[in-house]
Amino acid sequence: MNTVLVFAIVGIVLIGVLGFLGRRKPVRDLSEWTVGGRRYGAYTMWFLQAGEIFTTFTFLGLAGLAFSNGAAVFYSLPYLPVAYCVVFFVARRVWTLGKTRGYLTQGDFLTDRFDSKLLGTLSAIIGVVFVLPYLQLQITGLGLIVKLLTGNAASATLSMVIGCVFLIAFVLWTGLRGVAVTSYFKDAIMLIVLVVLVIAIPLHFAGGISGIFHRVQQLHPAMLTVHAGSHDTTWFITNMFVSALGVGFICLPHNWPSIFAARSPKALRRNYIFLPLYELTILIPMVIGFAAILVLLPKTNPNGILLSLSQNTLPTWVTGLVVVAGTATAMVPAAGIIIAISSLVARNIARVRNERGQFWINHGTVVAAVGLSLLLGIFLPNALANLLLLTYTGLVQLAPANILGMLNRKLVGKWPVIAGMVLGLAVVIVFTFPFPTAFGTFDVGIIGLGVNIVAVALGALIERLLGAAPAQRTEDAVTA
Amino acid sequence: MRPYHLIPVLPALALIIMPFLPFVNTSELWFGLPRMLVWGGISCALLTPALYLTERAMTRSRGGEDAS
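Residue numbers (the numbering used here), protein chains in the order written: chain G, 1 to 480; chain B, 1 to 68.
Bear in mind the hints are in silico, worked out from the structure with no lab data behind them. It is possible that some hints are incorrect.
Claimed, not checked - Covered, in the sense of this in silico footprint (three residues per stretch, anywhere, with C-beta under 8 Å from a C-beta of chain G), are these stretches of chain B:
#1 14-20
#2 23-33
#3 43-50
To be verified - Partial list, computed: chain B residues near chain G (C-beta under 8 Å):
#4 Pro8
#5 Met36
#6 Leu37
#7 Gly40
#8 Glu55
Backbone N, C-alpha and C define an ideal beta-carbon position, used for all residues, glycine too.
Take these sequences, add in the hints, and give me the full structure.
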C-alpha cells in the first residue's frame with residue numbers, strides 16, 4: 001500500500017478515535033449534542049472557533065489562488081478579522097437570546113424573533129441547500145489530497161469512504177464535543193505542518209521567504225498587486241464585504257452552535273479578540289502559492305500546488321504529516337457543518353414535536369447528508385460546484401433578517417423580511433447563472449443584499465401605511 | 001453607540017482599504033515581503049489590542065456582569 005495512503009488512513013482513524021474520546025457514552029439529548037450543554041469555557045471555545053478558519057479551502061485553495069492570481073489572494077486576509085469585529089459586538093445579544101429562549105439553530109432564532117415558522121423553515125432550507133456543497137467540498141478535498149499525491153483514483157475513493165464512515169460515527173456519538181476535541185489535534189498538526197512548509201519550501205527554492213518575493217518581483221511583478229482582470233480591486237473589495245457580512249452577521253448555519261455552546265458571552269468575546277492574531281497563519285499557504293509561481297508551470301492544477309511542492313521538497317514521512325493535516329482540515333470542519341445541517345432539518349424543517357423523534361431525525365440526517373455528499377463526491381464531483389458559488393452570496397441574504405432579529409424592537413414583521421430574502425436570493429441566482437457577466441467582477445451578493453434591504457424597507461413602510469405595525473417582542477425586558 | 005465601540009474601526013478600515021492605497025497595492029516590497037502582506041498582517045494584528053481595549057471598556061461600563 002502506498003505510504004501516502006497509509007498516512008491518510010492513519011490520519012482519518014486518529015481523528016475518528018479522538019472524536020470518540022470526546023464522550024464516554026453517546027449523547028441522548030439534542031441540546032447536549034448540538035451545543036454541548038452551553039458550558040464551554042474560553043479554552044474549548046478557542047479551538048472550536050479557530051478550527052472553523054482552516055478548511056481544505058484555506059489549506060489548499062489559498063495556495064492555489066495565490067499561484068493563479070497573485071495578490072488578489074489577500075482578500076481573504078481582511079474578511080474574517082473584520083467579521084470578528086462585528087460578531088464581537090453582536091455575540092452577547094445572540095448568546096443571551098439563545099440561552100433564555102433555548103435556541104439551537106439559526107432557524108430557531110428567526111422563528112422566535114419574527115414569530116413565524118415559515119421564516120424559520122425558509123431560512124433553514126436556504127441554510128441547508130447552500131451549505132451542503134461546502135460539506136461536499138470538504139469530503140472531495142479529502143479525496144483530492146490522496147489522489148494528487150498517489151495519482152490513484154481508487155485510493156482517493158477509499159480514503160473518502162473511510163473518512164465518511166468515521167465522520168458519521170464520531171459525530172453521532174459525540175456531537176459538538178467531538179468537533180471541539182478533534183479541533184485540538186487539527187490545529188496542533190496544522191500549525192506544525194505550516195511552520196515546516198513555510199521554512200522548507202522557500203529555503204529549497206529561493207533561499208528563503210524574501211528570496212521568493214524578490215524573484216517574483218523581478219519575473220512577475222504584476223502578481224504582487226491587485227490588478228485589472230477577473231480578480232481586480234472591485235472583485236477584491238466586494239468579495240471581502242460579502243464574506244465579512246456573512247460571517248459577521250452569522251449567516252452561515254454552522255457558526256450558530258459554536259456561539260450557543262459558550263458558557264458566557266465573555267468567553268466568546270475573548271475568542272474574537274485573539275482570533276485576528278490566529279488569522280495571520282493563513283498567510284503561510286499564500287507564501288507557498290507565491291513560491292509555486294516560480295517553480296510550477298502556469299497550467300498546473302492550482303488546488304494541488306501545496307501538495308506538489310511539499311512532495312518535491314520534503315521526505316515522504318513529512319509529506320505524510322501534510323496529508324494527515326490535510327485530512328484534519330477536511331474532516332473537522334465537515335463535522336461542524338453536519339451538526340448545523342442535521343439540527344436545522346430536525347428543528348426547523350421536519351418540525352417533529354416530540355424530542356425523541358427530533359433526535360432520530362437529526363441522526364438520520366447526519367447519515368443522509370454525509371452519504372449524499374460522498375456519493376456526489378465519487379460519482380458527480382462537479383454536481384454541486386455551481387451551488388458552491390452561492391454559499392456566501394446566497395447565505396448573506398439572511399443578514400437583514402438576523403440583524404432585525406437581534407434588535408430589541410420589532411421594526412418589521414415577517415412578510416417584508418421573507419420578501420427581501422426571496423428577492424435577494426432570486427437576484428443572486430439570476431446574476432450568477434443566466435447572466436453571470438452583467439455586473440462584471442462586482443460580487444452579486446451585494447446587489448442581492450441591496451434589493452433585499454430595499455424590499456424590507458418598502459415592506460415596513462407598507463406595514464405602517466396599512467396600520468399593521470408588528471406586535472412588539474414580549475421577552476425583551478428579560479433578554480435585553 | 002459609545003466611543004469605545006470605535007476603537008477597532010481604525011485597523012478594520014486599514015484592512016478594508018488596502019487595495020486602494022497606491023503605496024500598498026504596488027509591486028514594491030517591505031522587508032522582502034509584498035506590501036499588501038505587511039500592511040494587511042500588521043492591521044490584522046492591531047485588531048487584537050483594539051478589541052482588547054474595547055472589551056475592557058465594555059466590561060467596566062457593565063460593571064463586569066459577564067462571568068468568564
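Ascending list of hint numbers which this structure does not respect | none
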